[in-house]
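What follows is each chain in one-letter form.
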Amino acid sequence: MHSCPGLFHAGVLSRELLKGSDAAIRNPHVTRLLCPLPQCPPCTSCHAARAALRRPRSGQALCGACFCSAFEAKVLHTVLAGRLLPPGGVVAVGASGGKDSTVLAHVLRALVPRLGISLQLVAVDEGIGGYRDAALAAVRRQAARWELPLTILACEDLFRGLTDAVARRTAGSDRSRYCCTFCGELQAARRAGATNIAISHNADDMAETRLMNFLRGDAGRLARGGGLGSPGEGGALPRCRPLQFASQKEVVLYAHFRRLDYFSEECVYAPEAFRGHARDLLKRLEAARPSAVLDLVHSAERLALAASARPPRPGACSRCGALASRALCQACALLDGLNRGRPRLAIGKGRRGLDKQATPGTPGDPAQTKTIR
Amino acid sequence: MCQVGEDYGEPAPREPPSAPRPSREQKCVKCREAQPVVVIRAGDAFCRGCFKAFYIHKFRAMLGKNRLIFPGEKVLLAWSGGPSSSSMVWQVLEGLSQDSAKRLRFVPGVIFVDGTCALRLAPGRIPFRKGKRQISHSSSRKHGPAERGLEGFPGGRWPHTLLGSTGAACGRSPEERAKTLAEVKPILQAIGFPWHVVALEEVFSLSPSVLRCSSQEPAAPEEAYKAAVDSFLRQQHVLGAGGGPGPAHGEEQLPQPRNRQSLLRPPAAAQTEALSHLFCSVRTLTAKEELLQTLRAHLILHVARAHGYSKVMTGDSCTRLAIKLMTNLALGRGAFLAWDTGFSDERHGDVVVVRPMREHTLKEVAFYNRLFSVPSVFTPAVNTKAPEKASIHRLMEAFILRLQTQFPSTVSTVYRTSEKLVKAPRDGPATGDHSPRCLLCMCALDIDAADSATAFGVQTSSHPSQIQLTPQGPCCFPGGPRAQGCCQGASRREDPQACIVEQLCYGCRVNMKDLPSLEPLPQYILAEAQLRTQRAWVLAELRDCLIEDSDDEVGQS
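For the record, the sequence lines run as chains A and B.
In this text, residue positions in the first sequence follow our numbering: the first is 1, and each later residue adds one.
In this text, residue positions in the second sequence follow our numbering: the first is 1001, and each later residue adds one.
Certain hints may be false.
To be clear about the criterion: a stretch of chain A counts as covered by chain B if any three or more of its residues have a C-beta under 8 Å from a C-beta of chain B, and this derived list gives those stretches [what the hints assert, rightly or not]:
hint: 1; segment: 215 to 221
hint: 2; segment: 238 to 244
hint: 3; segment: 288 to 298
Hints listed in this document are in silico derivations from the structure and should not be mistaken for laboratory results.
We treat Cβ as the ideally placed atom computed from N, Cα and C, and that holds for glycine.
Working from the sequences, and respecting the hints, build out all of it.
Right, dumping it as structure tokens:
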């Protein structure tokens, strides 16, 4: 044991960290960021405690407490600068049980006095077997611990088709990669009676999305999704992404230092989605240049697309009233297709069948469809 | 959210749709008579003649559609020796020698920038070995060394090495340079245009005026182009049909002796040393490549201005432009994509950079060069034989080419997206000349005021000692419009580096972070930076006295 008194704290901390059961610690990226025992410099911010980590982008050595406050300050700055969450609003945080939404809920809860908002947790049960159950259990534990109202929407009741069932119908080695569509589109948080929705996408997610949009030539989405959040239009709730400028590593580090409990498995359908390519590329870019993610986000913010490439102003879905750029929102369109026995109706280019009304008596009849509450 | 409604159109392919191999009985899809020799895209088999016509037509259509090059204009062809630019030069050569109706009507010159000094091997890099076949960019892999069309040229054998082993000492550089020039010269002489061979070291003798944009001429309307063509044709007619390639060609012979003189005189050893010191001090390969591109662009711009060229043609192919687009996204240059990858790039004002090869894929270029024996020279670049992880450029290249094998429409999709980008100024009045420009890349600055969230991110990452835990206090943020006024006095004298960094766009700033010190940069950059800082400071001081339009405040400090 080193005789220097200042190193005691760091030694205990390091040993604790290295034998911790936290999934974050086993992540080699995080371990690399944690300072090894004999070389801990002092924290560059408070100059009191020993540094426990190096900040991913700047390489600055910080102790745990200073890093957490810096992270929270960054989120606060994002929210205030973009005027994302007006004071007095009821904010629904989309909670999936994963690290991003856990961290977002925790940070927003810490910032509630500053922002003057009230928080709610909203989770969606898409019915993906083996994955969603454990995740929802984590969400329930968080809601209990933080005493936040929790609303869980079960897709089974609302949409009359589990995501698994959807996947099964379209499955085959080539079709199963479309399953992430359903997972993403079926998150509807406004049932909880909130005025704003906070989504926990971090900088890496945003960068991946931009890359994907470019690779697939999706000029419409490129033009639309540049800002920090989308204002509510056509009766939909305004959405924002307070974690947009926090990199994934920082989110993991924050969750570690605050000892947050979250569910860390990957969605079973993730490996087959196109996003995997973009994610892989992003990891390599970050290895070549640490600031690559932030640079990508900066680039994407400043893309200038031709007016003809921009999508039309979104209106409201004719069935459920959610934000939609066509007559039906994506969720209703997907359901329509499922119910009519044409599961790929809203995926890919075959949209011609969407406008045709189903014949009465078949499952796709609008009169019989249970509307979403 | 992960998947878009519009998706890769056809039902998901299990593996890439293999092109139906042309059977022996299949004929060329165009003329349906001759035997096909090459397959372009998926299943389009062309015969030799039709392929040539298709290729040439693309080139001409690109020039003709955009109507930027006026008859009689002097155009500088930037030739790197690689397959795309060689193909472009060859197209221009052939285009000028055609019969009068279809002849190209501009006056070309060729420039070759010799950057061998920048390739000094750092210790630890994989060396070239004598006698081993050169393998570098994916395009040149298609050619074997003996098959390149250098037959018929003196010294037509393929050069085996251009660089020696690891740890190339200073004495090696003249030999390398001499070898390169020995290959380049015969080709340039055979082409016959006035040529300029410029060593990269000459950046050290540039003047700061290179970094100033001349006033932009307003874009000529459609009628002006037609009028110019008509008057040119009338002039030709008056001069008589015996003009051959055109009257301007006679003057081309005159500058040649001068060029040959400068060719023989190698650059000063001090300059060579300074250049290699600069490149060795750059820490990452990404920043090295970007710096090389910037310096090369400045040099070409200088030569173009000095000799009266108003257009510069570069041979970027479709594949290379798609890679460049994605690379620039990752480098933080999203605001300037339209300039970097579009057909024309007018950021310098008087000299416009044009990219006529932007619809030709590398595959087509390689086939054309092979079938029609287009001469080219292999010159290694800074990232030749570098591993895939070495730089962002290499990463993106490998990624796109890999994705292309799985999704064959990747390159064309990215290209189509790039066509939808516009050169819009950012929100705010189109101030044109008044908006501050980046010192190095000469695009309008894209760093926001302090309330952009990425500004916060940049601040915390570049000035860790000034980290503010409260979101307020961006007063000292470099680049903000108010910062120059308040911080100038304090920081100007003590930190010239910060002053230079203030004048760069986001992408250039990130690159400069990889230089530990900005001292080795060529003098013209440092001088211009200082001049701009002085000017900004003076304006800040006189702000109260000057009568300005309120619109001008965006550009001023």
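How the hints compare with the structure:
no., hint, in the structure
1, 215 to 221, "holds (count 6)"
2, 238 to 244, "violated (count 1)"
3, 288 to 298, "holds (count 9)"
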